[in-house]
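Mapping of the sequence shown onto the UniProt record's numbering: position 197 corresponds to residue 197, and the numbering continues sequentially without gaps.
Just to be clear, a hint being listed does not mean it is correct.
[Unchecked claim] Cross-link-like lysine-lysine pairs, in silico, DSS-like; alpha carbons within 25 Å at most:
no., residue 1, residue 2
1, Lys154, Lys307
2, Lys249, Lys295
3, Lys154, Lys353
4, Lys249, Lys307
5, Lys154, Lys126
6, Lys610, Lys312
What the hints contain is simulated information worked out from the structure, not anything from laboratory work.
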Amino acid sequence: MAMAKSVKLESLLRHYATKQESAFVNFKDFCDYLRRYSAKHIEEQPELVQYLEVPDSTLYKEIEELVSKHEAYILNQNTGKVTVVVLTYYSVYFANRYKEILNSPMVPFPSVTDLPKQLPMSAFEKRDGAEFIPYLLSEQDVKSPLLYCLMLPKDVPAILYPACVPVIFLVRCAMAKMRHILKKDEYHDYFLKKLRNSNPNKEIGARNFFSRFLQHPDNTDQTFDGDTDSFYFWNQLCYFIRQDFEKVKDRTIEDTNILQAISIAEIWLMFLKDKENAAQKKQEALNELEACLAKPPYFFEMDSILKFRDSKGALLYGQFSEEDLKASLQQLTSETENNDLPKLLVFKIESGKRYFIYKSKVLPLIVRLANEAHNTIEKHLTDKWYAVLSNYGKLPEMKEDKAFELELHKCVQEFSPVLHTLLTANFLPVLNFELNNSPEGNNFNIFTGNKLLPYSELLMLKNTSILARARMMLPFWYTIPIISWIAGLFLKKKQPVARKQSAAPELTSDDIPDDTPQKRTGKTGSKKEILAATAKEISEQLIPSGSTIDRELDSYHNIWNKMITNEARTQLTEDVNALIRDYMRKVIKTISTSTFNLERVQSLASTLVKTPNMQKIKEEDALYMYTQLYILRLVSNG
């Protein structure tokens with residue numbers, strides 16, 4: 001018959017020991033008691049049925065499991081009078097001892113010598129105090145019945161510590177013992193003098209710290225509050241006390257207790273110091289996160305945010321937790337002042353991708369994206385209108401301004417979805433109002449009054465100019481009125497058919513050749529082909545929806561290349577491109593297909609941007625993004 005849970009047996013065993021007022025329990029007596037207890041209380045506790053007829057041998061095996069967990073210990077195993085020592089019985093006993101220490105610091109810490117001699121050190125679970133105390137400070141189960149033997153640093157005698165005692169009580173007991181010693185006349189002035197002499201430029205601070213520690217015993221766990229000087233004074237004070245008491249040859253119990261208290265205090269201080277450092281590093285990483293959000297391309301989805309790196313190239317995510325990241329983004333996107341928009345805005349494009357952007361970067365980004373979309377849309381409309389004119393057709397947008405605006409709206413929605421979403425965002429008019437009423441003013445006027453400028457003005461496109469350009473591409477006879485009129489009579493009815501036929505059919509997976517990267521189920525082929533396919537995949541992580549690598553390169557190029565003359569601009573661009581090409585020729589041989597990823601590209605770009613020649617260019621962020629994209633284009637082109 002198997003027992004249900006040994007923890008239940010431990011509880012009953014401890015109850016019996018408490019009733020007997022002794023941790024030493026006769027095994028056979030306990031077995032009889034357990035059966036009687038189960039029979040008496042089975043109605044209120046039906047689970048006790050398992051103990052009604054349990055054999056002694058089964059109970060013995062279960063108690064052996066308790067021994068392996070350091071909850072019990074067996075004496076006289078090979079005799080007829082087996083005794084079970086209930087170690088958890090001492091947890092309550094020594095928990096009361098710690099309460100006594102808080103009221104009377106002269107009471108010594110519990111030690112192994114306080115236990116019966118029959119119990120060896122191996123009966124208890126030993127824990128390294130330098131590791132275990134910080135662990136308990138972060139995570140402690142005060143319902144645990146275990147009694148630990150805490151091993152202290154520098155050969156200081158171990159102490160017994162019940163898990164049911166909050167570890168901060170242990171720290172307060174240690175501080176109480178230190179405070180008790182320092183209040184004595186022979187120690188007070190002696191250690192205060194040592195502390196002041198060691199800090200000649202901070203004597204007042206040292207004295208205030210010393211007095212604060214002695215006069216405010218209830219604030220032990222709030223003594224520091226991140227104060228660097230307090231940490232420094234504490235370390236010194238602990239060192240001075242330890243130094244003096246370690247010299248004592250014939251130590252009394254009080255001397256040993258002071259050394260134990262110092263050890264606990266030093267572990268506590270180190271925990272606070274590490275906690276403060278961790279909090280500082282986390283805050284620095286969160287500050288770096290905010291700085292990264294202000295860098296090009298200015299709008300980021302969550303996947304990109306998780307890949308942000310610090311100045312040393314280490315991932316920021318990991319230096320703070322997922323909860324920290326969510327809390328930080330929540331704060332940036334919700335906290336406001338004077339009913340203004342929050343610092344960080346969120347928008348979602350039609351594909352469902354969700355982006356974060358600083359409100360201070362919205363209008364500059366709109367201007368940048370509008371400049372990028374100018375060439376793309378102009379070429380698209382020129383080609384489209386040329387095709388229509390070639391068939392002697394006409395479109396309303398060629399002459400009518402309203403139709404032209406609607407056409408531009410559709411083009412922006414298709415070719416620059418981020419720009420389209422920002423231009424139609426609910427927060428844009430509010431943001432414009434805020435900037436117009438801010439002390440700095442608004443440097444990007446995309447509104448006239450409260451109305452957004454027409455798309456033709458934002459994109460700097462005119463239907464007359466596009467129409468003129470499309471007509472210039474036509475053969476000369478299209479400009480002869482008689483010929484074009486006669487041809488138009490015959491071809492006009494065919495125009496809808498021609499336009500319908502000119503529409504590009506939608507590609508399916510069956511139309512894609514088998515040797516293209518899109519068709520591969522795995523990356524196979526030569527190293528060159530695999531790197532090229534990987535480079536295209538990485539490019540998708542850096543290029544906004546609706547944009548292309550060439551458009552992004554041109555955009556960042558316009559930011560970092562500030563040369564005035566065309567000749568100087570061309571020369572600088574070629575110098576930068578040549579430097580990147582030469583560098584990539586050297587490293588491409590060492591790049592492995594398995595390690596070529598976004599992090600590798602960022603590392604290569606970071607190395608290039610930090611070279612002496614590149615550092616002369618002031619717009620480092622734009623140059624860094626340009627370098628990444630140029631590397632990817634080089635690799636993807638093979």
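Going down the list of hints, with the structure as the test:
A hinted pair counts as satisfied when its Cα atoms are at most 25 Å apart, and lysine 154 with lysine 307 does not qualify at roughly 44 Å. Taking the CA atoms of lysine 249 and lysine 295, the gap is about 64 Å. The hint is violated against a cut of 25 Å. As the CA atoms of lysine 154 and lysine 353 are separated by approximately 58 Å, the hinted pair breaks the 25 Å bound. The suggested pairing of lysine 249 with lysine 307 is violated, with an alpha-carbon distance near 59 Å, which exceeds 25 Å.
Taking the CA atoms of lysine 154 and lysine 126, the gap is near 16 Å; set against the 25 Å cutoff, the hint holds. Of the supplied pair hints, the one linking lysine 610 and lysine 312 holds, its CA atoms being roughly 12 Å apart against a limit of 25 Å.
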